[in-house]
Amino acid sequence: MTTMEFEDLMRAHALGALLPHEHARLLALAGDDSGAAADTAHERSARLGELDAVLATFAVERELQASVTAADEPFAASDPTLQQLTRTAARAEQELRARLEHGVPAGAAAIDSSVVADGSPRAGQVTRWRRPVGGLLLAAAAAVALWLLGVFDPAETRLDPRSPDDLRAGDRGAPPLQLVLLQPTLTAESRTISWGAVPGASGYHASILDRSGAIVLERAPELLRSTAWELSAIDYEAVQKHRPLRLRVTALDSMELPIGSSGDLELTLR
Amino acid sequence: MATPTDSSATSTSGNGPADLVLVQSALRGERHAIDGLLQRLGCIPRFVFRLNRSLAVGLPAEALEDVVQQVYAALWPRLGDFHGRNPLETWVFAFCRNCLRSAARRGHEQRRAAMLSPEMLATLPAEGGAPELPVARREALELLQDELAGLSAEERDAVEARHLHGASFEDLARASGVAVSTIKDRCYRAIQRLQERLGRRLHPE
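Those protein sequences? They're chains A and B, same order as listed. Residue 8 is where the first sequence starts when you use this note's numbering, and the numbers rise one by one after that. Residue 681 is where the second sequence starts when you use this note's numbering, and the numbers rise one by one after that.
One should not assume that every hint holds.
Covered stretches of chain B, as calculated for chain A (at least 3 residues, CB under 8 Å) [as the list claims (entries may be wrong)]:
| id | segment |
| --- | --- |
| 1 | 704-713 |
| 2 | 735-746 |
| 3 | 858-871 |
Away from chain B, derived, C-beta distances all over 10 Å, residues of chain A [said to hold, decoys possible]:
| id | residue |
| --- | --- |
| 4 | 25 |
| 5 | 28 |
| 6 | 29 |
| 7 | 30 |
| 8 | 34 |
| 9 | 38 |
| 10 | 40 |
| 11 | 41 |
| 12 | 47 |
| 13 | 198 |
| 14 | 203 |
| 15 | 208 |
| 16 | 227 |
| 17 | 235 |
| 18 | 241 |
| 19 | 242 |
Keep in mind that the hints were calculated from the coordinates and are not lab data. Backbone N, C-alpha and C define an ideal beta-carbon position, used for all residues, glycine too.
Go ahead and model the full structure; you've got the sequences and the hints to work with.
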């Protein structure tokens, strides 16, 4: 038995890629105190036990998620607490519907979810969303005016330098992500997509995806550093059959790790 | 040439890519997509209710109402970030989880602060409830969530996609725009860190 074989199997186990016969081999190696291994069987068994414990916790989390997200339990619908929460959700949905219907950008609304301490022994209060109807109308009018003035150039896509995952779900006080949803447009005569440079980026990966999220076209690797992508006439014709299309641009650092993303933007072909 | 209309904008199937179309259509203000999206977000009260019960968080109804509102408030500015790698409900579950944890911790801190005042302590909501999970498992899940929060975004994304959602490395690589080997390295580094920080606590010798 070699230490390298044990380490290789441990890595495969950590990645969830261990085959059944390999798992049996790993167990055997963990308890094998013969040979010229650098560590003892006790140490290997302990490491394997710790890894198994971590993976088992992931399994419990999967079970929890599956049970929580499962279909409705008929008897639970009559629970008074659940009914109360459903009424609360209905009010929140009305707020969200108003924002979606009025076209308020997802990152622009100053939603105040901070706890308001009012001295009461209650666990916390949520500041109600403001209802600036006049402000919403003004924002919508401003957006239309800017669009007419060509400020939102459909050929340019701005990238947020922060990765969306840097903002944790449920974080309190995290600033809203300033992600601008634009719709790049290509024509047979104008087949170039471009975007602004991202601070700290060494390159950009750009791809076009179909409805299922499968990549149908990727920019050539030798163009990594460029902030533009010109499709050839052949490629432009070839992607037509995969419509509707989405464009994804990912800013990469010097290690080719993503540091920013446009998300998946609708790509319009005229 | 007009942009094709996507007839699958109102999805009820819980499919990641279809849900992405639904969310993006709703963000564009398409009425039928908004209806579909809000119908799907109707899972939030159910998730909060079940999580509170399964994890024995024990928050009272009033506090859970706040959690439900906080989930909507947290989710709204992040709708544009939904990548569609997993169904919408999976994405929403994470918000419900985090908001409930935050609320539970605020409640715990308040109770600690109130320990100096027995009168205040008597008026605060009691802990407990009907536990669905044994205490050891609940504690392990709490430790895991704490340590996942300490990982880098890329490592956390890789390890959660692999070990919670069963994604293949090829799918992850394609979605992230990096090589398969990079994804595997991130996942392995994440597991190693979790093992270093949690291993002995989860598996005491």
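Now for the hints, and whether the structure bears them out:
Check on the segment 704-713 of chain B: 6 of its residues sit with their Cβ under 8 Å from a Cβ of chain A, so the three-residue criterion for coverage holds. Here's how the segment 735-746 of chain B fares: 9 of its residues keep a CB closer than 8 Å to some CB of chain A, so the rule of at least three is met and the hint holds. Beta-carbon proximity to chain A at under 8 Å applies to 7 residues in the segment 858-871 of chain B; the threshold of 3 is reached and the given coverage holds. Listed as outside the interface, residue 25/A is consistent with that label: its C-beta sits roughly 13 Å from the nearest C-beta of chain B, beyond the 10 Å cut-off.
Annotated as non-interface, residue 28/A keeps its C-beta farther than 10 Å from every C-beta of chain B; the closest such distance is 21 Å. Separation of residue 29/A from chain B is adequate, the least Cβ-Cβ distance of about 16 Å exceeding the 10 Å criterion. Here residue 30/A stays apart from chain B, with its beta-carbon at least about 16 Å from theirs, past the 10 Å limit. Against the 10 Å criterion, residue 34/A stays outside the reach of chain B, whose nearest CB is about 15 Å from its own CB.
Under the 10 Å C-beta cut-off, the non-interface status given to residue 38/A relative to chain B holds; the minimum distance is some 15 Å. Residue-level check passed: residue 40/A sits 16 Å from the nearest beta carbon of chain B, beyond 10 Å. Separation of residue 41/A from chain B is adequate, the least Cβ-Cβ distance of about 22 Å exceeding the 10 Å criterion. Against chain B, the non-interface label of residue 47/A holds: every CB pair exceeds 10 Å, the least being about 13 Å.
With a cut of 10 Å on Cβ distances, residue 198/A stays outside the contact zone with chain B, its closest approach being about 14 Å. Taking the minimum C-beta to C-beta distance to chain B, about 18 Å, the non-interface status of residue 203/A holds against the 10 Å cut. With 10 Å as the threshold on Cβ separation, the claim that residue 208/A sits away from chain B holds: the shortest Cβ distance comes to roughly 13 Å. The beta carbon of residue 227/A is kept farther than 10 Å from every beta carbon of chain B, the shortest such distance being approximately 14 Å.
No Cβ of chain B comes within 10 Å of the Cβ of residue 235/A; the nearest lies about 17 Å off, and the non-interface call holds. Look at residue 241/A: its CB is around 18 Å from the nearest CB on chain B, clear of 10 Å, so calling it non-interface holds up. Its beta-carbon lying about 17 Å from the closest one in chain B, residue 242/A satisfies the requirement of being farther than 10 Å from that chain.
Checked against the numbered hints listed earlier, the structure breaks none of them; every hint is satisfied.
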